[in-house]
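Q: Chains as they are written, first to last, in my numbering: chain A, 1 to 228; chain B, 1001 to 1224.
Calculated from the structure, these hints are not laboratory results.
DEER-style ranges, computed between Cβ atoms:
id : chain 1 : residue 1 : chain 2 : residue 2 : range
1  : A       : I202      : B       : A1018     : 38 to 46 Å
2  : B       : L1014     : A       : D51       : 37 to 45 Å
3  : A       : G175      : B       : Y1137     : 54 to 62 Å
Here a beta-carbon is modelled for each residue, glycine too, at the ideal position from N, C-alpha and C.
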Amino acid sequence: MASLIEEAPRFFSYYNLIFLGQAFAFTALLSLVGCGLGFLIGFVLAVLRNDRIVGFAPLRWFATIYVEIFRRIPFLVKLMVVFFGFQLAGFDASMFAVAATTVALSASAFSAENIRAGLESVHKNQWDAAETMNMGGLTALRRVILPQSWAIIIPPSMTYSVGLVKSTSIASQIGVLELTYAAKILNQKGFSAAICFGTILILYFLLCYPMNLFASHLERRLAPSRHR
Amino acid sequence: MSYTLQYGQVTPYLGYLAGGAWLALQLAAIAFVIGWAIGLVCASVLEYGPRPLRWLVKAYVIFFLNTPLLVQIFFLYFALPDWGIVLGSYQAVLLGMAINAGAYLTEIQRAGFRSIRKAEVEAAETLGFSRLQIIRYVVLPHIAKVLFPPLSNQYIILTMTTSIAAIFGVEELTGRTYNINAQTFRSFEIFSIAALYYIALTLVASAALYAVGRYFFRIKGRVF
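Pulled out of the complex, with its shape left as it was, chain B reads as follows (with noise of 0.2 Å):
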């Protein structure tokens, strides 16, 4: 049995399919913005906060880190609606890649945090600093040069985890290869696409993130 491959029946649907390429990008965006939030309100508990909140923060952390998003995401869509909370696919999924991602951005965040030398705090103070003038020009030009290629590549990685939302039927990038594949039967054809989608949307987004950095940061280094 020989199959031919038939690229010209999946052509049709390039279109529809950059819609998707879209769509996974926002997705992408606004889950790593809430979960960039929740890992600078967690990353400051963990230096800052009292001993309980700390405690907390890092179950949070390790839990997340050690169980699979898609169980996540699982549990928040199917277990939930037991206590009352239902929420749509587009949320749980939404929320599950905040929450997962949050865990991820509170230990990089951490150790931007860390990586603050506290003679270079003392010596703006001796300059005659404020406090804001230490914040504004000491403490976060240096965060920002050491965190932004680890928050560069966690947002590549989440474009990428954003194909986890096809499962529970939101129409991004992957579930629109899903439908494409229901209509045309032409599966591998639409998935080997799909694939090049995937590989030129993290391409285009690491060149894109590359040259910011080059730009504002002066990072050397590659993104991703």
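In isolation and in its complexed conformation, chain A is listed as follows (with noise of 0.2 Å):
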């Protein structure tokens, strides 16, 4: 314990600290893009799942099929096939980029399940009213049914991308240079491991623990009413 104390004025040093502030911006960036991407390719997922929707059954079985796919494959195993999946299709992509597709991938398939169970709570006797009211599916969706569900979608999607802000720690095993693989290099370059990585585990702490406040308290806030 002395021996950190000791070591902290050398480690906190003005390089040391933008160096770590780049590296917790990046993993912030990569997060956010990943899940952002993500976010969207799920959404048009969860359409594509939704018989009200969609009449033509094969792309509702891509969809489904898609999905079970990739929420089944670890985030380390998934990034190593992004990885060598770019190089075998010849695109020069920056390792920040197949960071960032590997997170998107993982978010799409998750999000697409908890924007298909938002969908689905509400009742299907609105989806018959739209009908009534001369409504296609797609206005249905926009003016009916997605106001009332955003309430489901949020808080779950939230948690969820705290997940993969976690996950984005794996990134570091292809050299993208976010806040692990950056407290690798400090350790490499002599600092005690339990500095380094204490320090990360606070930044990641910083990163998450307000992201999951947020989502709890958007739970309570946003709490369904229960007539449907």
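Grab the two chains, each in its own frame, and use the hints to assemble them into the complex.
A: Next comes the structure, spelled out in structure tokens:
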């Protein structure tokens, strides 16, 4: 413990702080881009899976199979498949693109499930009523169903995003300079593992805890009304 | 520059990978059992324990839910030796996974405890049940039914999490994939096969847990 205190001034030097700050921003950016893209793809998938909007069954099967496949592959393996997949396809993708794609793939599968659950939480009669008013599937979705299902969709999506922020630490395996990789570099420069990994544990906590708090706040705020 | 997929070169290793899958299941099972025990103790403390202990458990749960498992294991593996605690890679991974799962399972099991209504216990008392009988016939069946889906969900997630062990050189499914990759250099082929193994593994586990839940606890919903 004493050695940690001795080491602290040297560790928290100006340049190390900038280095860690950049890594922190990179982790946040990676999560944001990945989750944002993933949410959009997940939304499309959830719509494709909905038999009120898409009449063509094979499209629904495709969406279901996509979701079942991508949420059952561990992040690390997915990362490697995407990494070598880009190589195979001949793209000269940056490490950030590889990591963001992996995050987006994970996020899309889980958001698709969340959004599907949200859409299904609205009673079937509402679809029928919208149809009676001569609304098409997409109009009904936008005007009737979605406004009622956001409350069900948002809180679990937030919670799941926190899980993805934590998963981005695995992207250090391919050399993306996010927090975990930054800690490894500092560790190799001779700082003790305790101070390197301890510091980024706290930084991760500072990123994730407010998100989790916000998610549970939303969950309480948006608690769905009982009548439907 | 084009790349020709050659799955033929990796097929001899399928059995070796299956052994890794078995190891992954074992790792997940051991971590789950330890985590479950930690969760049970912590959930009981949160519900019935004295205040300072409750704060301690709360801090543990909040901290471990909001930091990445990988970094937690890095800490256990690289930082603890400074204080004289040297863990092998397998032990470090197992310990990290168990402590991490413990935090999740605390939350889940506390929700299970909360789901028992006082009226149920009182009704059982009115019927002349003894304390043990109440636990055996009223509390446990209720908790089991409420807890089974999230617990099995957690087990499946844990099975996928075991892939992190490969980073520390444990030769489970992903670790063995790394080995084969180093020998054959058919990277995409072997990693996509590993992905298929994980899909198969979790599908089988989901189906088995669904059957168990359906048969023993009459749970209709799907598991994971």
